[in-house]
Structures are given as structure tokens and as C-alpha cells.
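Trainee: Next come the chains, spelled out residue by residue.
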Amino acid sequence: MATTSSSSSVVLLPPDAQPPKSKSAAYYAVHPHWQDVIPIPQVDQTGVLAPIAYSPRYSEAMSFLRALMAENEVSERALALTEDLISMNPAHYTVWIYRMRILKGLWQGSTSSDNIDTKIVEINEDKSSQQSDTDDNEIKPGLWRNIQDELKWLDEVSFRNLKNYQIWHHRHALVELLPLDPAGPATPDSPKNSPKNRPTQPSSKATNEILSSFIASEQLFLSRILSQDTKNYHVWSYRQWLCARFPSLLLPSYSSNASNSIASTYRTHAEVQAIDTMIQDDLRNNSAWSHRYFILFGHHELTYVQSQSPPIILKEVNEQKLLHKAGLVDADLVTAEIEYTKHEIRKAPQNGSTWNYLRGLLRHGDVRITTLRVFCEEFLGPEGDLWTDQWVDVELEDPATKETRVERQEIGVRSSHAVEWLSEIYSKDETAKDEARAKECLRALAEKWDPIRKGYWDYKLSKLEEK
Amino acid sequence: MTLNRQKHVRYWRMCANILPDAYQSSDASRMFLGFFIVAALDLLDVFDNPQLEKPVIAVQERKDWIDWIYSCQVPDGQGFRGFTGTDLRDRRSSHNKQWDPGNLPNTFFALAALLTLNDDLSRVQRKELLSWLPRLQRPDGSFGEILGPDDEIEGGRDLRYCCCAAGIAYILQDPATEPYQSPFDENRLIDYILSCQTYAGGFAESPLREPHSGLSYCAIATLQLLTRLDGTSSRRARETLDNQESCMRWLLERQTTVLYEERPESDEADSDDEEPANNDGSSTVNSFADSPMYYTPPLLTVGFNGRDNKIADTCYCFWNSGALAILGSLHLADLQAVRRYLLDKVQHIIGGFAKGPESPPGHSIRLSGY
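Read top to bottom, the protein sequences are chains S and V. Each residue of the first sequence is one higher than the one before, counting from 1 in full-length UniProt numbering. Each residue of the second sequence is one higher than the one before, counting from 1 in full-length UniProt numbering.
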């Protein structure tokens with residue numbers, strides 16, 4: 001039932017009124033719970049740059065948001081306002097941070113922003129500011145329930161706004177409130193997760209159960225959201241971060257000790273299987289291949305970088321073959337993955353993602369490209385022919401009926417990537433160098449197999465001819 | 001087909017008048033949108049052009065735009081807002097200014113827009129801005145977007161912010177001041193950029209992520225800006241740029257004839273034909289299955305994609321070409337084919353450029369027309 005405010009003749013909405021769907025209806029200005037707030041209007045003088053035709057609902061919500069921010073208000077109504085605003089503009093770059101502030105305040109039972117001690121909630125802060133009533137690396141069930149509720153809301157918002165970055169940052173900030181993975185190395189995005197902060201005691205059974213349950217629901221959420229947009233960059237970034245944040249729960253362990261190689265078992269690991277499935281669904285999903293590299297090899301490189309003192313950078317690891325020098329490469333795993341990748345290449349020889357992944361393997365494992373000569377030559381024409389057209393009509397005779405039929409068969413060059421690799425291999429192979437053939441590969445690419453990149457192939461050819 | 005200059009001018013003039021409410025969710029990047037409007041008009045030679053019968057943008061309007069940009073400079077001079085939406089006006093104080101911060105990328109776009117409008121930057125609070133910039137740099141060398149509560153660096157750590165930071169330093173450097181003093185740690189920034197380079201050659205958003213054209217452009221452009229800053233790292237930046245064979249290869253790999261999304265009726269198993277779907281050599285995603293590799297007709301239409309196995313998108317013509325140009329390798333790309341893509345496939349009937357051949361022109365306000 002609408003009421004009338006005593007100090008004016010404005011007709012107010014009922015107290016339980018929710019934000020309307022209409023883009024033009026007034027809401028906060030006529031809601032009884034908001035009468036004490038003086039909104040701050042946005043004033044753009046005439047002749048502004050990039051003016052937008054805001055809906056009245058958006059303008060109003062923004063005016064009230066500014067008013068609450070000005071007071072640093074922490075309250076349920078403030079939380080509701082951030083939710084409303086987010087539904088209209090999820091890319092607003094301070095509203096999510098404000099929301100997080102409000103949540104932390106509410107979760108501590110505080111309604112004054114001045115009293116919020118964010119460190120009480122952020123239990124993974126540096127130990128020098130450890131709170132006495134918070135155990136090492138534990139999480140209170142109440143906080144966990146709160147996080148779960150917020151994640152559930154966030155899941156739905158994420159599905160509605162697949163291209164938005166702030167949503168993933170908010171998720172990241174929520175997950176940061178969870179206990180550390182005892183095995184977790186540092187990642188750039190989780191400075192709290194650094195070795196010096198690693199808990200000295202194992203976590204309680206309750207905490208471990210919470211983390212397992214969290215990971216299980218995250219895996220489900222990630223597979224649902226990726227099914228909507230299999231290459232969403234933000235989602236894959238988050239997934240990679242999550243793996244690095246909880247490596248003992250999400251990553252196969254990497255061992256450089258040959259007797260501990262995971263080469264025979266890693267394919268059954270949950271995260272590897274999830275990537276296998278995505279690759280089988282779409283061989284050309286470059287994001288899936290990129291994540292595969294991270295979970296099997298990249299994470300190990302990053303861990304190594306962070307363990308070094310004085311500090312080194314990632315690029316040095318591969319350029320200077322530091323993992324090799326330290327005896328820290330799982331050669332059997334590299335070999336297993338090379339075989340896996342060859343198998344996938346054979347299914348779709350023109351797929352750039354697999355060939356690039358193979359590059360990554362060779363680099364990590366310090367495997368010479370020349371070892372792939374025979375494999376690459378599988379994709380040429382008969383007797384290593386570099387020019388034959390892809391399809392040939394072959395006349396086949398049925399031995400029983402003597403009837404002939406024509407069948408199209410693939411007998412020529414089936415991969416421009418193979419030809420590119422061979423141009424490099426033929427010029428580098430110490431035992432069977434063939435500069436002339438290396439050049440012929442480049443000519444074949446320029447004239448026939450990949451003329452779009454003729455400029456590049458001609459350039460490579462000129463470099464070979466300089467020698 | 002040629003560039004329909006008049007239609008484009010009309011399109012951008014329309015955008016400058018008002019953007020429809022669909023842009024509400026881009027409200028926070030009005031400065032970014034504003035820069036592209038101004039830059040597009042500038043490229044179309046609309047400012048100070050004596051050959052125009054009547055001015056497209058009035059002198060007063062240009063002054064108003066400059067004033068609006070300056071109205072986004074936050075009171076303590078620590079950067080520019082992305083939009084007037086965070087302005088707390090007379091209620092702004094030291095207790096709440098965290099909700100109305102300077103925004104790094106939008107600060108860069110503000111300065112770039114001012115320059116394009118021929119402003120002399122005299123109202124920029126240079127000293128304050130340059131002291132704010134290093135506070136956004138993290139120990140690993142990357143930059144964030146804003147300073148939030150407790151002066152925590154907020155925002156991702158992706159290369160776009162790094163590029164904007166370098167751009168700001170470049171614009172605000174004062175050649176009269178000797179010696180040049182970098183406002184931030186350039187060496188660490190280069191470390192971070194290098195850590196974002198992948199085994200495929202392209203650069204990713206952050207270490208070990210998937211390589212992406214937009215981010216590769218940011219990496220290359222940042223290095224280029226550092227060579228021009230004459231700081232302690234300009235030589236290292238130069239050497240790094242001179243050693244980008246693998247990045248160049250990756251960028252050139254982004255040229256693609258796949259311009260269309262998969263059509264639901266096509267069936268991979270039946271797709272026995274090696275003919276491209278269209279007679280200009282363009283094809284659909286589905287044709288990856290047996291992507292034609294024989295000699296293609298001379299009138300090829302080629303776009304650029306942003307990542308391996310994705311379809312062409314107009315904006316990537318800019319990111320990829322721009323990066324290649326900086327590396328001095330643009331001549332290795334098939335530019336005629338790209339021109340055909342831009343003018344025949346994505347130039348929109350009402351002006352502006354679309355994201356793909358069957359989309360409306362909205363995407364052009366981002367980059368494409370530029």
C-alpha cells in the first residue's frame with residue numbers, strides 16, 4: 001500500500017517495492033527507505049563529449065549510488081543498490097569494489113565503514129598482522145556460507161555478462177578470502193599465497209572439506225560457463241589463476257625425477273580430463289590448448305621462477321634452459337605429450353593450435369625440431385612431393401563385380417604447417433642438411449599452400465639465400 | 001569499393017551528438033569512446049579543414065569538449081576519470097575519494113584526445129599526475145587501473161594498462177627538462193612484458209596466458225614508447241623490439257580468410273568440397289576441417305583474427321597491422337586483401353565499420369574505423 005510522506009505530497013512506493021523493470025519509472029526517489037538520502041546528480045554541461053542517452057532508471061540509481069559512496073555507507077540497502085546498478089552497468093569500475101567493502105562490513109556485523117577491519121576477514125594476510133581469534137589457515141563456517149551465497153549470485157550475473165572483466169575480478173577477490181592451499185606456490189595474482197605465508201600446520205578436516213566442496217562446485221560452474229563461450233578469455237584467465245591458487249586440488253603434480261614421472265598416470269587427472277574433453281569437442285580451441293600447456297608445464301616454470309633468488313624472469317627459464325640445467329624436466333611427460341599432439345595433428349593437419357602447442361613442448365623439453373622430420377613428412381605428397389594438389393580422383397575397381405568407381409582421395413600436401421616446419425628442419429638437420437629443399441618448401445608455401453603469407457615466405461627465403 | 005568519406009563523417013557526427021542507451025553499459029569508458037570519436041573525425045580531416053563548405057564541428061563545440069575532458073581531471077590532479085559518473089562533486093572529500101579515482105587507461109585517452117583537439121595541456125596537473133602513475137605499478141612491473149580503498153592497486157594486470165602508462169609518460173615528458181626522469185620503473189615493465197610472451201610468439205594478457213593480438217599490440221607499442229622516452233631502458237626496449245622474429249611470425253599468422261561464423265546447416269562429415277564458401281576466397285569456420293590450401297584467386301579478401309582459430313574481426317586489422325608496422329614488417333602482410341576486407345565486407349552502409357560482415361556498425365566506435 002502506498003504511503004504519503006508527511007513532509008511532502010509525494011506518493012511513495014510500498015516499503016517492500018523492488019526495483020521496477022521499466023527503464024523510466026522512478027524508484028529510489030519515491031521509496032520510503034530512501035527518503036533520507038540526498039542524491040548527487042550527474043551534471044554534464046552542454047557540449048559534452050560522448051554523451052549517452054541514459055535511461056531515467058540508470059540516472060536515478062547512479063545519483064543515489066554517488067550519495068551512498070560519499071558517506072561510505074555500509075548497509076543492506078547499499079548492497080541492494082550495488083546489485084541494481086550492476087544489472088544496468090556491470091562495467092562501472094568502482095561499484096564492485098564498493099560492493100566488496102559492503103559485504104565485508106555486513107559479514108562482520110558492522111554498519112559503519114570506519115569500523116571495518118578488512119584484515120579480520122582476509123585471514124590470509126601476512127602473518128605479522130594475524131588476528132588472535134583466527135586460526136592458521138582456517139575459515140569460519142559463517143564466512144564460508146556468506147561467500148557461497150555471494151558466489152551463487154555472481155554465477156548468475158556471470159552468465160548474463162560473459163564479456164565483462166569486473167565480474168571475474170570480484171570472483172577472484174571472494175576466492176582470495178578462502179584458506180591457502182598448503183602446497184600452493186606463489187602466483188603473481190596472489191601475493192598472499194607466497195611461500196613465507198604458507199601455513200605450517202595442516203588445515204583442519206573441516207577446512208579441507210570446505211575447500212574440496214568449493215573446488216567441486218567451481219569445476220561445475222566453469223564447465224557450464226565455458227559451454228556457453230568455449231574461448232572466453234576472462235574465464236580461462238580465472239581458471240588458470242584458480243589452478244595456481246589451489247594446485248594440490250587442481251593440478252597434476254610435476255616431477256623431474258624419472259621414477260616419479262606422471263607420464264603414465266596424468267591422463268586420468270581431473271583437470272587434464274576436462275581439457276581432453278574440451279579438445280575432443282573442438283580440436284581447434286586454442287584456449288584449451290593454452291590451458292593444457294599451463295597445467296602440465298607452464299605452472300612448473302612459474303613455480304621455478306618464483307623460487308629463485310636473486311629473481312629471474314620467465315623468459316630466461318626457456319632461453320637459458322634453466323630447468324634442464326637444474327635437472328628439473330619431466331622428459332617422459334614431454335614425450336607422452338608429443339605423441340598425444342601428433343595424434344591430434346593427424347586428425348586435423350591444418351590446425352594451427354596443435355602445431356603451436358608442439359612448439360611449446362619442444363621448447364620446454366629442449367627437444368630438437370629435427371626429431372620431427374619423419375612426422376612432418378607424413379603430410380607431404382607421394383615420395384615427399386611438395387607440390388601435389390590435395391585431392392585426386394582415384395579409380396577403384398571392385399574385385400568381385402569388376403565395376404569401377406571414382407573416389408576422391410587425399411594424397412597431396414595436407415598441412416602448410418608441416419611444410420613450414422620442414423623448411424626449418426631441412427636447413428638445420430646436421431646429418432642431412434638440404435638447403436635446396438628448405439628453399440623449395442618456402443616457395444611451395446608462397447606460391448601454393450599459403451599465398452596469403454607470401455610476403456613472409458619470400459622474406460624467409462631471402463634470409464636462407466643470404467647464407 | 002572505396003572509403004565513403006561522407007558517410008563516415010556523418011556517422012561519427014551522429015555518435016558525437018548522442019550515443020543510444022545501449023551504450024549505457026559503456027558509461028564508465030566515456031573518455032575512451034570520446035577519444036575514438038575525436039580521433040576518427042581527425043582522421044577524416046574534419047578539424048581545421050578549409051576545404052569543408054561548413055564546419056562539421058563548431059569551434060565552440062570543440063572548446064566545450066576540451067572543457068569536459070578537463071572536468072574529468074580529479075581535484076588532486078591524480079589522473080582523469082573515465083566518466084563523470086563517479087564525480088561526487090561538492091561532497092567529495094579525503095574520506096570518499098577512493099570511489100572517484102583517476103583511471104589509468106582513461107587518463108591516457110583524455111590526454112590523447114586533448115592533443116588531437118589541439119589543446120596545449122596547460123591545465124593538466126602534470127606533477128601530480130606523474131607522481132600518481134608509479135603508485136599504480138606493481139612489484140612485478142605490471143600496472144593496474146585505479147587506486148582503491150587503502151590505496152590498493154585495483155584492476156587486472158594486463159598489458160593494456162602498461163601501454164597506457166607508457167603513453168602517459170610519453171605525452172607528458174618535457175623535452176626541456178634534462179635529464180629525462182622516468183616516472184616509473186621501466187626495467188621492471190620490460191621484464192613484465194617479456195614474461196607475457198608465449199611459445200607461439202604472440203603476447204598474452206599476463207604470463208602463461210593465451211596470446212592475443214590486442215595484447216601483442218600493447219606489448220610492442222609499449223616497447224616502442226619506451227625507446228622514445230630516453231630513459232634508462234630505452235636501449236633494452238630497442239634490443240627487444242629488434243628481436244621479435246617469433247612475434248612477427250605470429251602476427252602474420254593472424255591473417256585469415258575465415259570471415260564468417262559457422263552456419264548451422266553445414267555438416268563437417270559431408271563437407272567434401274574443397275571450394276571456398278564464397279568466390280572471394282572467404283570461408284566459414286567449418287571449412288577449417290579441410291581448409292583449402294591450393295592457389296587462391298588474386299581477388300582474395302583477408303581479415304585478421306585475434307587468436308589462433310578464431311574468425312576475423314575488424315578491430316584486429318588495427319591491432320595486428322599496428323604491431324607489424326612498429327616492427328617494420330607490415331609490408332609482409334597482404335594489405336590489398338585487407339583493404340578489400342575493410343571496404344567490401346565491413347564498411348557499413350550507414351557509415352562506420354562493423355565487427356564482421358553481418359554485424360551492425362556499433363563496433364566501429366571501438367576501433368575499426370580508426
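Accuracy of the hints is not assured; some may be wrong.
[Stated by the list, open to error] Here chain S is said to cover these stretches of chain V; the calculated rule only asks that three of the stretch's residues, wherever they fall, bring their Cβ under 8 Å from a Cβ of chain S:
| no. | stretch |
| --- | --- |
| 1 | 39 to 45 |
| 2 | 77 to 89 |
| 3 | 147 to 155 |
[What the hints assert, rightly or not] Straight-line distance between alpha carbons at most 27 Å, and here's what the computed DSSO-like set of lysine-lysine pairs gives:
| no. | chain 1 | residue 1 | chain 2 | residue 2 |
| --- | --- | --- | --- | --- |
| 4 | S | Lys-347 | V | Lys-127 |
| 5 | S | Lys-163 | V | Lys-310 |
| 6 | S | Lys-231 | S | Lys-140 |
The set of hints was computed from the structure by calculation and includes no laboratory data. The structure displayed is predicted, hence computed values, not measured ones. Yeah, the Cβ is synthetic: ideal placement off N, Cα and C, and Gly gets one too.
Trainee: Hints first: check each against the structure and report whether it holds.
Mentor: Going through the hints against the structure:
Judged by the Cβ-Cβ criterion of 8 Å, the stretch 39 to 45 of chain V is not covered by chain S as claimed, because only 0 of its residues qualify and three are needed. Note: the stretch 77 to 89 of chain V has 7 residues with beta-carbon separation from chain S under 8 Å; the three-residue rule is met and the coverage holds. For the stretch 147 to 155 of chain V, the stated coverage by chain S is satisfied: 5 residues place a CB nearer than 8 Å to a CB of that chain, which reaches the threshold of 3. Between the alpha carbons of Lys-347 (chain S) and Lys-127 (chain V) the distance comes to roughly 59 Å, so the proposed pair goes past 27 Å and is violated.
Of the supplied pair hints, the one linking Lys-163 (chain S) and Lys-310 (chain V) holds, its CA atoms being roughly 16 Å apart against a limit of 27 Å. The suggested pairing of Lys-231 (chain S) with Lys-140 (chain S) is violated, with an alpha-carbon distance near 36 Å, which exceeds 27 Å.
Taken one by one, the earlier hints fail for this structure at numbers 1, 4 and 6, listed in ascending order.
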